[in-house]
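Engineer: Sequence:
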Amino acid sequence: MALPFFKLGTLALKTICKPIAGRLKKEASLHPQFRQLIIDFAQANHRFTTQMTRRMYGHRTDVEIRPLDEEKAVQVASDLIGEVFVFTVLPLQVAGIAVIFEVQRSAKSEARKEAARKQELEAMRQRDDCLAEEIEAVKQRLDGLEQLTRLLEKSSNSSSASKEQK
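Heads up, the sequence shown is in our numbering, so the first residue is 119 and it goes up one at a time.
Just to be clear, a hint being listed does not mean it is correct.
Below 27 Å or equal to it, Euclidean Cα-Cα: the simulated DSSO-like pairs (lysine-lysine) are [what the hints assert, rightly or not]:
| id | residue 1 | residue 2 |
| --- | --- | --- |
| 1 | 144 | 190 |
| 2 | 236 | 226 |
| 3 | 132 | 144 |
| 4 | 132 | 190 |
| 5 | 136 | 190 |
| 6 | 125 | 226 |
| 7 | 125 | 136 |
| 8 | 272 | 257 |
Treat the hints as calculated values from the structure; they're not laboratory data.
Let the sequences and hints guide you as you build the complete structure.
Structural biologist: Set out below in structure tokens:
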């Protein structure tokens with residue numbers, strides 16, 4: 119039941135993130151200081167990926183790698199920023215949702231345990247009340263027996279005394 123909602127939520131989140139990433143790319147390419155920073159990053163990324171590709175295919179890596187032109191570097195870096203935004207926001211949202219789900223599940227579990235504890239405590243109170251009533255009944259019987267014993271002792275003492283007088 120939760121899986122279709124989860125998939126639908128991630129799809130909605132991706133759909134929401136794409137325009138934000140596009141706006142971020144546009145703003146990043148317009149700001150002069152940030153523009154230079156992303157150009158430098160794109161050039162370093164270009165050199166790294168070109169060297170890795172050349173190594174994978176067994177080509178020489180000591181050749182000079184031509185830098186990207188400025189607009190191409192801005193475009194590559196802006197695309198990278200957009201992708202980083204989409205692929206970092208989505209996992210963070212999923213992690214947040216997972217944490218919220220776990221907290222709710224834990225709270226429900228604790229509530230069930232607390233309800234069970236309350237029921238057990240109420241059952242113990244009822245047993246305690248029953249035992250108190252039984253103890254009271256036993257005390258009353260004991261008092262009755264003690265009174266009966268006293269009466270019997272008096273009557274046996276009085277009958278012994280009357281036999282002695284005769």
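Engineer: Next, verify each hint and record whether it holds.
Structural biologist: Right, here's what the structure says about each hint:
Proposed proximity of residue 144 and residue 190 is supported: the alpha carbons are some 14 Å apart, at most 27 Å. Restraint check for residue 236 and residue 226: satisfied, since their Cα atoms lie roughly 15 Å apart, inside the 27 Å limit. The hinted pair formed by residue 132 and residue 144 meets the criterion: a straight-line CA distance of about 18 Å does not exceed 27 Å. The straight-line distance between the Cα atoms of residue 132 and residue 190 is roughly 26 Å, inside the 27 Å bound, and the hint therefore holds.
Restraint check: the Cα-Cα separation between residue 136 and residue 190 comes to about 21 Å, which is no more than 27 Å; the hinted pair holds. Proposed proximity of residue 125 and residue 226 is supported: the alpha carbons are some 24 Å apart, at most 27 Å. A threshold of 27 Å between alpha carbons decides the hint, and for residue 125 with residue 136 the separation of about 17 Å falls inside it, so the pair holds. Restraint check for residue 272 and residue 257: satisfied, since their Cα atoms lie roughly 22 Å apart, inside the 27 Å limit.
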